[in-house]
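Enquirer: If you want the building blocks of each chain, they are given just below.
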Amino acid sequence: MFRAALTIAKKDIYSELRTKQVLGTMIIFAGLVILVLSFAFDPANNTTKAVIPGAVWIIIVFSGILGLNRSLVSEQRNDTMHGLLVAPMEASSIYLGKFMANFSMILIVEIVAVPFLFLLFDFKVNGSILYFILVLFVGSFGFIAIGTFLAALASNSKSSEMLLPLLLFPMTSPVLIGVTQATKIILTNMEKLPSAIAWLQLVAAYDVIFFVLCFLLIEYVLEV
Amino acid sequence: MIEIKKLTKQADNKLILRGVDLSIKQGETVAILGPNGAGKSTLLKVLATLIKPTSGHVKINGLNLKKDHIKVKKLFGYLPHSSLLYDHYTPLENLLFFGELYGVKDVENRARQLVKEVGLSFFINEPVKNFSRGMIQRIAIARAIIHEPKIMLLDEPHTGLDQGAITILNNVVLSMKEKGCTTLMVTHDFKQAAEICDRIIIVKNGKIADDFSINNKSLGLVSEKYEALVEGVL
Numbered sequence: 001m002f003r004a005a006l007t008i009a010k011k012d013i014y015s016e017l018r019t020k021q022v023l024g025t026m027i028i029f030a031g032l033v034i035l036v037l038s039f040a041f042d043p044a045n046n047t048t049k050a051v052i053p054g055a056v057w058i059i060i061v062f063s064g065i066l067g068l069n070r071s072l073v074s075e076q077r078n079d080t081m082h083g084l085l086v087a088p089m090e091a092s093s094i095y096l097g098k099f100m101a102n103f104s105m106i107l108i109v110e111i112v113a114v115p116f117l118f119l120l121f122d123f124k125v126n127g128s129i130l131y132f133i134l135v136l137f138v139g140s141f142g143f144i145a146i147g148t149f150l151a152a153l154a155s156n157s158k159s160s161e162m163l164l165p166l167l168l169f170p171m172t173s174p175v176l177i178g179v180t181q182a183t184k185i186i187l188t189n190m191e192k193l194p195s196a197i198a199w200l201q202l203v204a205a206y207d208v209i210f211f212v213l214c215f216l217l218i219e220y221v222l223e224v
Numbered sequence: 001m002i003e004i005k006k007l008t009k010q011a012d013n014k015l016i017l018r019g020v021d022l023s024i025k026q027g028e029t030v031a032i033l034g035p036n037g038a039g040k041s042t043l044l045k046v047l048a049t050l051i052k053p054t055s056g057h058v059k060i061n062g063l064n065l066k067k068d069h070i071k072v073k074k075l076f077g078y079l080p081h082s083s084l085l086y087d088h089y090t091p092l093e094n095l096l097f098f099g100e101l102y103g104v105k106d107v108e109n110r111a112r113q114l115v116k117e118v119g120l121s122f123f124i125n126e127p128v129k130n131f132s133r134g135m136i137q138r139i140a141i142a143r144a145i146i147h148e149p150k151i152m153l154l155d156e157p158h159t160g161l162d163q164g165a166i167t168i169l170n171n172v173v174l175s176m177k178e179k180g181c182t183t184l185m186v187t188h189d190f191k192q193a194a195e196i197c198d199r200i201i202i203v204k205n206g207k208i209a210d211d212f213s214i215n216n217k218s219l220g221l222v223s224e225k226y227e228a229l230v231e232g233v234l
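As given, the protein sequences belong to chains A and B, one line each in that order.
Residue numbering for the first sequence follows this note's numbering, starting at 1 and increasing by one per position.
Residue numbering for the second sequence follows this note's numbering, starting at 1 and increasing by one per position.
Quick caveat, the hints were computed from the structure, so don't treat them as lab data.
Among the hints, a few may not be true.
Quick list of in silico lysine-lysine cross-link-like pairs, DSSO-like style, CA-CA up to 27 Å [unchecked claim]:
#, chain 1, residue 1, chain 2, residue 2
1, B, K14, A, K158
2, B, K52, A, K158
3, B, K191, B, K225
Some chain A residues near chain B, calculated using beta-carbon distances under 7 Å [unchecked claim]:
#, residue
4, R18
5, D79
6, P88
Glycine residues also receive a C-beta, built at the ideal position from the N, C-alpha and C atoms.
Just chain A, same shape as in the assembly (with noise of 0.2 Å):
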């Protein structure tokens, strides 16, 4: 299962390599974010700050629709999907395939925008990176979990572009609001730390019923 799950992943990244279609969009969507938000918030104000936490995710939620979407929609050129549901794997492989190239792309764009956003704020963090990179991996795991399986829902429907924020946003709002506050806590104010650690664990915990939940079902949705 892994393997024909890590052939799938490997195939996505090569094609978004050839294409730089899903990635590029997303980078440049989460720098014009920044860009905006950069003139709406003067980065030289205090109160300024508050807002990074919540502009973390944001930039996270609407870079990450914009490859969601695309990573199932583009295997229904030719019907490729149904080249990957005959061959000899179970669907749930096609599952973990798609989640962990859309992961992998998920990571490149807060490699590259999370640090962008502080530059151009000019924002110090006071507390923990490496908590921080915790909470952007809880939470992206989380999010790419959710939004691949809802991505496979919905691109058998003629609007999924519609559609997929529809039932994304619902869905992912625990894991957004978890996130975004234990996030906060750890960029801004360490003392509260058991606070942020007791967020991360109800996130965590989500991320795994979800994640669970959303690889055994799929077989379902992927039926023609």
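Given the coordinates of chain A, assemble chain B onto it according to the supplied hints.
Expert: Same frame as chain A, now just chain B:
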């Protein structure tokens, strides 16, 4: 080789397959004919595990289609009307990807050999998006047989092909037959069906209306039986 018993498929409120019973022996080349909406492609998609049947049993090579679906999938090569190929990939990259999914040993040599066999060695490093329909279908044929399947499931494979691609496809089916491969082909092309198949099944309203063997590539017999059953011409 393939045993189908009381197979039904319902989609919404419409019964697409109404209790299909069918037995196909190893090495047979079977054409499935019928009017549009008769359930031919649905039958093929059920066998290809793309669609789950509503009821009934399917056994392939003694394996249960539902329980042993991964082992069953290794047995067949599926070639529908769509190419199932990635446009921006070259023929070699497409074959390597599908070969890896099927766990083909020495996949690169096998892929290169197949590209050569379908006459596209010169275009091995060109993206598939630049190819004509005939060239794409040649690579699609190579993709379907990369793992040397024991059963070929072909869904209207001759549609839109030039004469060269038709000849290559027919040669592939006949050479696979010599190796003992079973072929099921859904088609509207009676000429090709008579040319390469030794058994004809006519499907009408989700049921098998006729099932007969043909000898000597008898196109006349196929047309006669089809017209009598489907179009009511006596």
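Enquirer: All hints, please: hold or fail.
Expert: Hints versus structure:
1. B:K14 to A:K158: 22 Å, holds
2. B:K52 to A:K158: 23 Å, holds
3. B:K191 to B:K225: 14 Å, holds
4. R18: It holds, given that the least Cβ distance between R18 (chain A) and chain B is near 6 Å, below 7 Å.
5. D79: Since chain B brings a Cβ to about 4 Å from D79 (chain A), closer than 7 Å, the hint holds.
6. P88: 4 Å, holds
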